[in-house]
Amino acid sequence: MSLDFLLEIGTEEIPHWMIPKALDQLRAMYVGQLKADATPRRLAVWASDMVERQADSTRKIKGPGVMAPEQAVAAFARKHGADPSALVRNGDYYELHLAIPGRPMIDVLAETLPGNILGLQWPKTMYWTGGKTGPRFIRPIRWIVALLGDQVIPFEIAGVKSGNVTRGHRILGSSSIPVTTANYEAELRKSFVILSAHERRHKIETEASNLGAKIDADLLETLTFITEYPTAIRGDFDPAYLELPAEVLTTVMRHHQKYFAVESAPGRLAPHFVAVMNTSADPDGVVKHGNERVLRARFNDARFFWNVDQQKKLVDRGDDLSHVTFQAKLGTYLEKTNRVVELVKELGGNAHAQRAAELCKCDLTTEMVKEFTDLQGIIGGLYAKAQGEPEPVSQAIYEHYQPLSMEDSIPETPEGQIVALADKLDTLRGCFSVGLIPSGSKDPFALRRAAQGVVKILAEAKLDYLLDQLVTGELHAFMLERVQHYFREVRGYKYDEVNAVLASGVSTLADVEARLAALAGVRPTEDFEPLAAACKRIRNILKQAHFEGDGPLDQALLEPGPERDLANRLASFVMANESDYSKRLVAIAAFRPSVDLFFDKVLVNAPDPAVRTNRLTLLHKLFTEFSTIADFSEIVTSGESK
Amino acid sequence: MDTFQETVFKLKKYWAERGCIIQEPYDVEVGAGTMAPETFLRVLGPKPYRVAYVQPSRRTADGRYGENPNRLYKHQQLQVILKPTPNDVIDQYLGSLKAIGIDLAKHDLKLEEDNWEAPTLGAWGVGWQVMLDGLEITQFTYFQQCGGFDLDLVPAEITYGLERLAAFLQGVDSVYDITWAPGFKYSDVRLADELQFSVYNFEMANVERLWRLLGEHEAECKELLAAYAKYPDKHRFPVLPTYDQVLKCSHLFNLLDARGAISVTERVGVIKRVRDLAVGTAKLWVDQQSLDAQQESAA
Numbered sequence: 001m002s003l004d005f006l007l008e009i010g011t012e013e014i015p016h017w018m019i020p021k022a023l024d025q026l027r028a029m030y031v032g033q034l035k036a037d038a039t040p041r042r043l044a045v046w047a048s049d050m051v052e053r054q055a056d057s058t059r060k061i062k063g064p065g066v067m068a069p070e071q072a073v074a075a076f077a078r079k080h081g082a083d084p085s086a087l088v089r090n091g092d093y094y095e096l097h098l099a100i101p102g103r104p105m106i107d108v109l110a111e112t113l114p115g116n117i118l119g120l121q122w123p124k125t126m127y128w129t130g131g132k133t134g135p136r137f138i139r140p141i142r143w144i145v146a147l148l149g150d151q152v153i154p155f156e157i158a159g160v161k162s163g164n165v166t167r168g169h170r171i172l173g174s175s176s177i178p179v180t181t182a183n184y185e186a187e188l189r190k191s192f193v194i195l196s197a198h199e200r201r202h203k204i205e206t207e208a209s210n211l212g213a214k215i216d217a218d219l220l221e222t223l224t225f226i227t228e229y230p231t232a233i234r235g236d237f238d239p240a241y242l243e244l245p246a247e248v249l250t251t252v253m254r255h256h257q258k259y260f261a262v263e264s265a266p267g268r269l270a271p272h273f274v275a276v277m278n279t280s281a282d283p284d285g286v287v288k289h290g291n292e293r294v295l296r297a298r299f300n301d302a303r304f305f306w307n308v309d310q311q312k313k314l315v316d317r318g319d320d321l322s323h324v325t326f327q328a329k330l331g332t333y334l335e336k337t338n339r340v341v342e343l344v345k346e347l348g349g350n351a352h353a354q355r356a357a358e359l360c361k362c363d364l365t366t367e368m369v370k371e372f373t374d375l376q377g378i379i380g381g382l383y384a385k386a387q388g389e390p391e392p393v394s395q396a397i398y399e400h401y402q403p404l405s406m407e408d409s410i411p412e413t414p415e416g417q418i419v420a421l422a423d424k425l426d427t428l429r430g431c432f433s434v435g436l437i438p439s440g441s442k443d444p445f446a447l448r449r450a451a452q453g454v455v456k457i458l459a460e461a462k463l464d465y466l467l468d469q470l471v472t473g474e475l476h477a478f479m480l481e482r483v484q485h486y487f488r489e490v491r492g493y494k495y496d497e498v499n500a501v502l503a504s505g506v507s508t509l510a511d512v513e514a515r516l517a518a519l520a521g522v523r524p525t526e527d528f529e530p531l532a533a534a535c536k537r538i539r540n541i542l543k544q545a546h547f548e549g550d551g552p553l554d555q556a557l558l559e560p561g562p563e564r565d566l567a568n569r570l571a572s573f574v575m576a577n578e579s580d581y582s583k584r585l586v587a588i589a590a591f592r593p594s595v596d597l598f599f600d601k602v603l604v605n606a607p608d609p610a611v612r613t614n615r616l617t618l619l620h621k622l623f624t625e626f627s628t629i630a631d632f633s634e635i636v637t638s639g640e641s642k
Numbered sequence: 001m002d003t004f005q006e007t008v009f010k011l012k013k014y015w016a017e018r019g020c021i022i023q024e025p026y027d028v029e030v031g032a033g034t035m036a037p038e039t040f041l042r043v044l045g046p047k048p049y050r051v052a053y054v055q056p057s058r059r060t061a062d063g064r065y066g067e068n069p070n071r072l073y074k075h076q077q078l079q080v081i082l083k084p085t086p087n088d089v090i091d092q093y094l095g096s097l098k099a100i101g102i103d104l105a106k107h108d109l110k111l112e113e114d115n116w117e118a119p120t121l122g123a124w125g126v127g128w129q130v131m132l133d134g135l136e137i138t139q140f141t142y143f144q145q146c147g148g149f150d151l152d153l154v155p156a157e158i159t160y161g162l163e164r165l166a167a168f169l170q171g172v173d174s175v176y177d178i179t180w181a182p183g184f185k186y187s188d189v190r191l192a193d194e195l196q197f198s199v200y201n202f203e204m205a206n207v208e209r210l211w212r213l214l215g216e217h218e219a220e221c222k223e224l225l226a227a228y229a230k231y232p233d234k235h236r237f238p239v240l241p242t243y244d245q246v247l248k249c250s251h252l253f254n255l256l257d258a259r260g261a262i263s264v265t266e267r268v269g270v271i272k273r274v275r276d277l278a279v280g281t282a283k284l285w286v287d288q289q290s291l292d293a294q295q296e297s298a299a
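Those sequence lines, one after another, are chains A and B. Each residue of the first sequence is one higher than the one before, counting from 1 in this note's numbering. Each residue of the second sequence is one higher than the one before, counting from 1 in this note's numbering.
Note that these hints are calculated values from the structure, not bench results. Be a bit skeptical, because a hint or two may be false.
[To be verified] Straight-line distance between alpha carbons at most 30 Å, and here's what the computed DSS-like set of lysine-lysine pairs gives:
1. LYS288(A) / LYS185(B)
2. LYS124(A) / LYS161(A)
3. LYS21(A) / LYS124(A)
4. LYS248(B) / LYS258(A)
5. LYS329(A) / LYS370(A)
6. LYS283(B) / LYS132(A)
7. LYS272(B) / LYS124(A)
8. LYS312(A) / LYS248(B)
9. LYS442(A) / LYS272(B)
10. LYS98(B) / LYS190(A)
11. LYS74(B) / LYS12(B)
12. LYS214(A) / LYS21(A)
13. LYS248(B) / LYS370(A)
14. LYS230(B) / LYS47(B)
15. LYS190(A) / LYS124(A)
[As the list claims (entries may be wrong)] Every beta carbon over 10 Å from chain B, so not counted as near; a handful from chain A, in silico:
16. ALA68
17. GLU221
18. HIS546
Where is the CB? At the ideal position from N, CA and C, for every residue including glycine.
So that you can see chain B by itself, here it is in the shape it has in the complex (with noise of 0.2 Å):
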């Protein structure tokens, strides 16, 4: 039986196997793997590209300070991008789990329609869950917007829920069980982090302190945003902050929610704030990506 990083060896290895960049996770905190720039920005635009991260996710909402077998405050995905779509995609995938030691003869393998949006981002897409032995293990999404934008090259999303894989794989009903490393269970690395998380999202959080922060970065956003028309050196201007400021945000957001400090009437509005900072970036980011490809071709 692998452990819960051997699992992860084995997948990495598997897809950089296949042309994909290994990235490291991003380092602002985000609600899932799609939101990480690596997936987010590199979609858009007709430049293929191919990459696997894992990437910590946090949904604060989720926590349950660390006491409901199944529900993480952050949970681990495995994200997989093609762009574009290869073909053989599925086989691909399929091979990815033969990859992790699932004898797929002796088991149930389902693709059921789930389709995917991500109002945040004005991102949506078609695909499906796919159903092992009755259990979802991954998402699988064929892009078809992204920041507003209608893709060039569709990509594929493939997303592992490592947990529930690995869950899966040795045979435990409470991800607090998983044998992350030798000797060593997912309760030992991560359970202080599930409790102290659900009781500060839940109970501590400051909700004035967070609305200012949201508004701080928003702000912070906007000017960024707006100071792109008139520099001068496009190639130069900082697209890739302006996103970090936008993660911000959203993740300031879902401590708002997980505070119970958003009302509905309120949420519609603050959605659509985060969503045309999205919006706004990834435009920047694509035509900074067509005038850089124009001084390539030009050179």
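Extracted from the complex, chain A is given alone in its bound form (with noise of 0.2 Å):
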């Protein structure tokens, strides 16, 4: 037979970006169907297929030899408690059998939960009870629920005792809701707590919507796990606002008061702004009042700072930033600036490159920047705009912090990609020549984030860097690990794809992907893979043979025959020299008859040593044109595996 079994763990209020991975692992609790879902202030899980109790089992013991003492066997016999006649013959031993009960599943839940609600993994805990020894979780147990069928599961947690009983919304809620497995969704429900986070988010993403909010996808997740009864209410602003730029107003709003921004065509904002409640309604609008004050004094600030920051231009705040640390081994961002500005030169920069690299970061020290850390750049940019700086300076450094993530797009102009590129290698070069190289998880200086933008720079904007005379060493081998990361989770190439490829030498980062796109665009065709099972195949015959010369070929010594036409089948193909990647690619698979043929009719290990070098160098010159796309022999072919 089988139980209804639900558990919610009752908590304050818990980290929303912590829930969703705390469901996860809640749901991989337990073997079958467990569903999860959970509130700030509350974790459930549950399932229909409990089974009352577990399966019975044997448990078999290994007793004397057959041949021992008739006394021994008797007293291995009662030592278990069970008649010699009970024993079983297990070819020269015997064994008693002990048929295990299987114990009712309510004393395993009771048993178990308490160990895997604390065995929970979270990025921060605290203790709350019982001193440093006591129980840890993400924030206090307040109440537990814990029943199977109609029973409660008994068990205690840091002095809470598992019950029936839930509590509702903190304020519109009753706060002792007697449950069964059966109605408690909907009794948390009467109580204005929506279980359902899918159901919150829709919601707010409805009502949000219908009020003109534009939905912003970071926001909706987080408002989803702060409320426990979302409701969406629009506000107001003194249009008179709008004349600060639209990147601080919605700042101000989306990261410092979870508004949503209104848009009154794509672009630009409507003097509105959408709030998510956690509540059911607002109806004398004391709610937006509120909002709208705190809102307003926000603004003020900005202005204030705006203001403020105009009285002292950013060319004349370059020394200011001899106060400002980059890292302590590194210096400050005045030195850091210097090199982003030499290095821009060295790059090729444009005068308008140079002069954005002079003053990117100067906006560090304006007081905008200060109270909107995220705004660094997008302040400076629009700075330099109102202190007549020409667009394309103010428009590289608006952008050069960018990509952000491999998502975010990389900066649009030429000014912007190479103050952005200098900024980035500097950070990354700087880094790597004081030992701040990150290992495992540890990255504080976000330098996965610097390579991983280097890579979508160099790769989307098609700059003709040679990534060899970019980067070295250590350094050099974390970027190829960022350059097959990229190829592979962003552009969607094949593992085995990126490795052929890459094997084969990187100049520029556009080559690399001219080159995948041609190898992609032959892989399906029907003669590639057995070429690439040739390839390795020949790989094997050069290693195994410790073949690397590469002496001319003896044009008397070949047979004619498969060998003279695959040899002469090259010397055309090295004629050719196609340099068009996929029109070489196909003129290589097109290769396949002939090199099957050689294989199926020609003996490369001939007993006649000349003979065979000259086999070995055919094979080693058409492994070599065959590799300068890419290095077929790390293409797994089908029948391998990974």
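Make one complex out of these two single chains by using the hints.
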């Protein structure tokens, strides 16, 4: 018989961003169909197929040998409370088969649940009772509902006994609600708790959209997990604030107040916002009024910062950067700026790019960036524009932190690309030179992100810098990992295609991409995979023969037939020197019948050492010619596994 | 509508009814209510304690010459320490909001993650900022460590920003428009304070002398810390005056910082100097408390 199971861990408000991962862990707690959902104050898990008791099992105990004295055999049986006649013969030994009745599931759960609950992994835990050695959880556990069928699963954590009583919404709900496995979710709803995160998300999205909000996915997720009963309301602000840059207004609304912005047309802010309350309604407009008041104060601050900051131009803030540390061993932002300017020159940046590099960190000393750190770069760009710097300069400053993630786009302008590249490269080179190299999950200077940014800019702007000239040593290896990651995860190439292309050398990333595109294009054709398999065979033959020589081919030693045909074909292929990667690959794939025939009819390991060397030379030349675009022996062919 | 002082009275009364000692503000300059010995020292060790007090808190760098409607050089915090934390601590806190006239059913209340760390005190905790209609009205923290010690009894620290709360309750946009007492605005009581201290802190404080004073108070503190080990009657030892020296150093650090006299590289060093004093004093206090407890149980 199967029973309904329900566990609710009632807590104080859990940080919103930790909840989805906790739910994943809860779902994995038992084998079977566990469902889980959560609000900030409760983690709930349930199932409808929990067995009433575990299956019976048999424990086999090995006894004395069949040749043992009778007394010893009897003593063995008695020791386990069994009659000697119950012993079973298994080969040369006696065995006792003890029937272990399955335990009631309620007992098993009562024993294991506390460990499962306290065993959940959180980014940061606390203790709240029993001192440092007391139980740890993300926030204090205040109640527990644990039911199997209509029975309470009895256990205790941190002085809280499990029961069948839950609590509703802090303000609107009842603080004591007896529930059953069947009515749990419905009872919560009566007490203004929507258990389903999916439903809360949908409610927010629908209501906010109806009020004109521009939906921001991250903010939507945050709001879903900081509310138990979300309701959207719309507020207004004085249109005079629209004089402030949209970036500043949006940051204040989104990051500081968790409001959605409202647009009158795409890219044009309207003087409204949408806030999401954790309550059912705002009949008197009290909440609207309060939020408007807070936003007004915030916008006033921003306007004040803007005005103060204009009193000292960016260009006059250069020296102030000598008071801002970039990194203890790498000096101040003034020193970093000087390095970046030099690097921009080296990379061939024009006068605008050099000017942008000179000014790009100056906004770090402004009041606006001190208050809204997320806007670094953007503020610098806006100020540069307001202070009359040419458009390419202000734009380059504006976008030089891009891309901030794999999804973010790269700077649009060539000046922005070069400054962004130089800034990130300087950080990477500097940190690697003083031993600040990321390891495992430790990457305090976000070097992976910086390296990923470099790769993305090089590849997507199709810049013709050679990777080998930008980075060396350990940093080169680190960058190669990012290159692999980028082409696999972002561009969706198969891992063996990426390996194959990188194995034949890296020049520019645009070239890597062109080779990858050609390779992926030719891969589905029928000749390709067998040819790749043949390449692997060639590589193995050369490796086994320790053959590295690259002397000329002796035409006289070539046997007429498949061997000579292959050599002639190779010669005309070399002559043609096709530079289009796709056409070249198609031509290579077309070698397949000749290669197959060669392996069928010709013995590489010929008795005559001169013939043998000549054949190895032929294979070596073939392999080298084939590998200019990609090393086909890295391709995993069907029949092989990863 | 309640005046500022009326709201403070109500909060004090509310917490007095829940077993809190109502203390008066500490009389040495502090940057936050947490730094007053009623919090910093009392949360250490195994003795339960409950206290509430208003603490004027000086944030020298936040001074705005009385011109910014929301930023103050000195603001008033109502600090509540409940050690150990009662199980219904959040309900008790919500009760205090009702006590000052907030009908929670008409408002939007959220507890949003906000952890707290004070490097100069060797202290940290986890908790929330309490948001009421989008306004942060309270900082709520479960202390985990203080003065470098893991805490025996985890206290809840509830810190109300009184000016914000009063401006909200009175529906005014500037703290200076808060009615402090009948016929007196916040500006009547405190505006001169804000202006003059901003002028002093940013323009006139003598940097050289401040550094010297910092050195003097640090020396005094270190001397006291070093004297404890050999001091015969530990019960009499002036741990509390030692802590005053820590507070003096911390305040001088803030003054120097506001004057722009501390470079980034120096900054880390000065913070460490103050932390060492704070952690050293916490050690003495814990030791003295445990010796006193032993004597009490022996007697």
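Hint numbers not upheld by this structure, sorted from lowest to highest: Going through the list in order, the structure violates hints 4, 8, 15 and respects the others.
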